[in-house]
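S.K.: Single-letter residue listing:
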Amino acid sequence: MSNQHRIGVGLVEDDLALFVPTDTPVVTMLPEDGRATHVPRAAGWALAVLGYGYYGGRVILISQPPDKSTRSKLGECLVTIMAVDDAIAGGHSPANHVGTGLAERTLHVPQQLNSLASAAGLDLDSGEEL
Amino acid sequence: MMIDQAMAGEIDTRFGALLRRFRTDYGLTQRMLADLSTISERAIRDLEQGKAQPRAGTVRLIAEALRLGRQARTSLERAANGGRARLGLDAELATPPTVLDTMVGRAVEAAALTAELADGASRLITISGLPGVGKTRLAIEIAHSLQATTGMPVPWLGATDSPVRDRRLAGLLHGCSAALYGRAGTADLAELTSLIADRDALLVLDGDRPRAEPLLHMLAECPRLRVLITATRPGGIVGERLFLLNPLATPDPDLVEPRLLEDVPSVRLFLDHVHRARPGYELTRADAPVVAEICELVDGLPPALISAAAWLAVYDLVPLCRMLRADPAAVVGNALLAQLAERVRTLPVAAHRALATLSELGTDFTIDDVVTSTGRSVADAGLLLRQLLQHGVIRVRQADGQSRFQVLALIRALP
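Residue numbers (the numbering used here), protein chains in the order written: chain A, 1 to 130; chain B, 1 to 415.
If you're looking for bench data, these hints aren't it; they were derived computationally from the structure. Ideal Cβ placement from N, Cα and C applies to all residues, glycine included. Watch out, some of these pointers could steer you wrong.
Stretch by stretch, here's where chain B covers chain A in the computed footprint (C-beta under 8 angstroms, at least three residues) [unchecked claim]:
no., segment
1, 13 to 27
2, 73 to 81
3, 100 to 112
4, 119 to 125
List of simulated lysine to aspartate or glutamate pairs, DMTMM-like, C-alpha gap at most 20 angstroms [stated by the list, open to error]:
no., chain 1, residue 1, chain 2, residue 2
5, A, LYS73, A, ASP125
6, A, LYS73, B, ASP252
7, A, LYS73, A, ASP23
8, A, LYS73, A, GLU104
9, A, LYS73, B, ASP400
10, A, LYS73, A, GLU13
Far from chain B by the CB rule (all over 10 angstroms, computed), these chain A residues [stated by the list, open to error]:
no., residue
11, ILE7
12, VAL9
13, ALA36
14, ILE62
15, SER63
Between the sequences and the hints, there should be enough to build the whole structure, so can you do that?
M.R.: Written out as structure tokens, the structure is:
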């Protein structure tokens, strides 16, 4: 599955994520950010629920808010799973829709959103993670 | 004009003669009918002369081209079927098994697979995973969901009781099963292929991998057929989409907030069954670490979670957890462990040896640990981990920005 034609793209407002799948089942993140452990966890969750838990990949997260402290962790998780979904669906191409709709389904079904939050270590009810 | 109106008295039940009569009643030449039906002129000639056996799809095309009424169409179908009433493959007859419980913790997986099958993005999907992980339950959920939204028939072949509501169809599917899993002739498969033809349908093969050749032939003949397989062994058929079904997610060791813990799928299933043994039980902060450990010790495997919960009719949480640590077989039962042992036995020799080495590394390990302990290169270590993941004997967790692997606790407990 790993080739450059399968690079997945996720884009939500100011957050852009790329996902480059690999045959080695290890998920890594660029830029390395010890505080953003929720991002690789979200990628691992997306791979698992799409049945591809035996693959890994590299998440490249490009967030562009003026102040990094205003980043939404949930937003970063959603943009990450969108990129994974897009890569699984065949990779990004301008003619294609992005992914199979995993991020939309996850966002609109509370049970699925809880599952992602739980996997990424977020507490949706606390408010501080959002 | 409807030919029904012109039909009267006795009709010839031979397909060729009936076809010729319908065609000439319309004043059509074989060439004209070929143009209208998209069937070749030669095929129509052969059918009328009894030199070829009509398929269901062909009969439908002819009936549509001639705009046959219900009675005439039934006569033509019956004649094509050797005088018998045509076997139906309606959604009412071909249904998935009925289940009475609610599926826990698989909503995302079910939605993803249903969407893939609905839009035809994948026409051949194999759900693979450990025995007891919930492959059949997931397939039933998907089949019901797909049938409810699209109305497509779901012929179901498998170890579970046949849900088919028609004796002849059940017999046909039994014959198809023999052809797909054994060496029986493919006449029944040809008939099922003919019934499906170019209709939307979901064929579920539950429990084992079929022979590739007849299955691929069916997929080629039926362009809107989808096939969903459940099997413990991964891979094998060209073009199949392998869906690895993991055990239910287990909680992080440091997760002690009951409200958050209850969102973790393995905990949800465990508590669901705890309530049957102890009605009114509510998860407390004090119990949370013990419940989390129990779910971890049984690896989130549904039958093991259910067994553990059932023991709460006899033991309290802490003694149960202690029992699980000391002797998992006493809690989860020997049958499940025997199935897991069989699963490990089917691993390739090198992977089996590596699994034994990795079991001794402790609770979890990274790819670098695999390189060090097995002497493999990073690339080979990655392939090994992927192979072990595909067989379901290890799992991966993202922690502290690293992918950390773990041999399942129940696998480690095997003698």
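S.K.: If a hint holds in the structure, say so; if it doesn't, say that too.
M.R.: Evaluation of the provided hints:
| no. | hint | verdict |
| --- | --- | --- |
| 1 | 13 to 27 | holds (count 6) |
| 2 | 73 to 81 | violated (count 0) |
| 3 | 100 to 112 | holds (count 8) |
| 4 | 119 to 125 | holds (count 4) |
| 5 | A:LYS73 / A:ASP125 | holds (13 angstroms) |
| 6 | A:LYS73 / B:ASP252 | holds (18 angstroms) |
| 7 | A:LYS73 / A:ASP23 | violated (27 angstroms) |
| 8 | A:LYS73 / A:GLU104 | holds (16 angstroms) |
| 9 | A:LYS73 / B:ASP400 | holds (16 angstroms) |
| 10 | A:LYS73 / A:GLU13 | holds (13 angstroms) |
| 11 | ILE7 | holds (19 angstroms) |
| 12 | VAL9 | holds (18 angstroms) |
| 13 | ALA36 | violated (8 angstroms) |
| 14 | ILE62 | holds (18 angstroms) |
| 15 | SER63 | holds (17 angstroms) |
Violated hints, listed in ascending order, are 2, 7, 13; each of the other numbered hints is respected by the structure.
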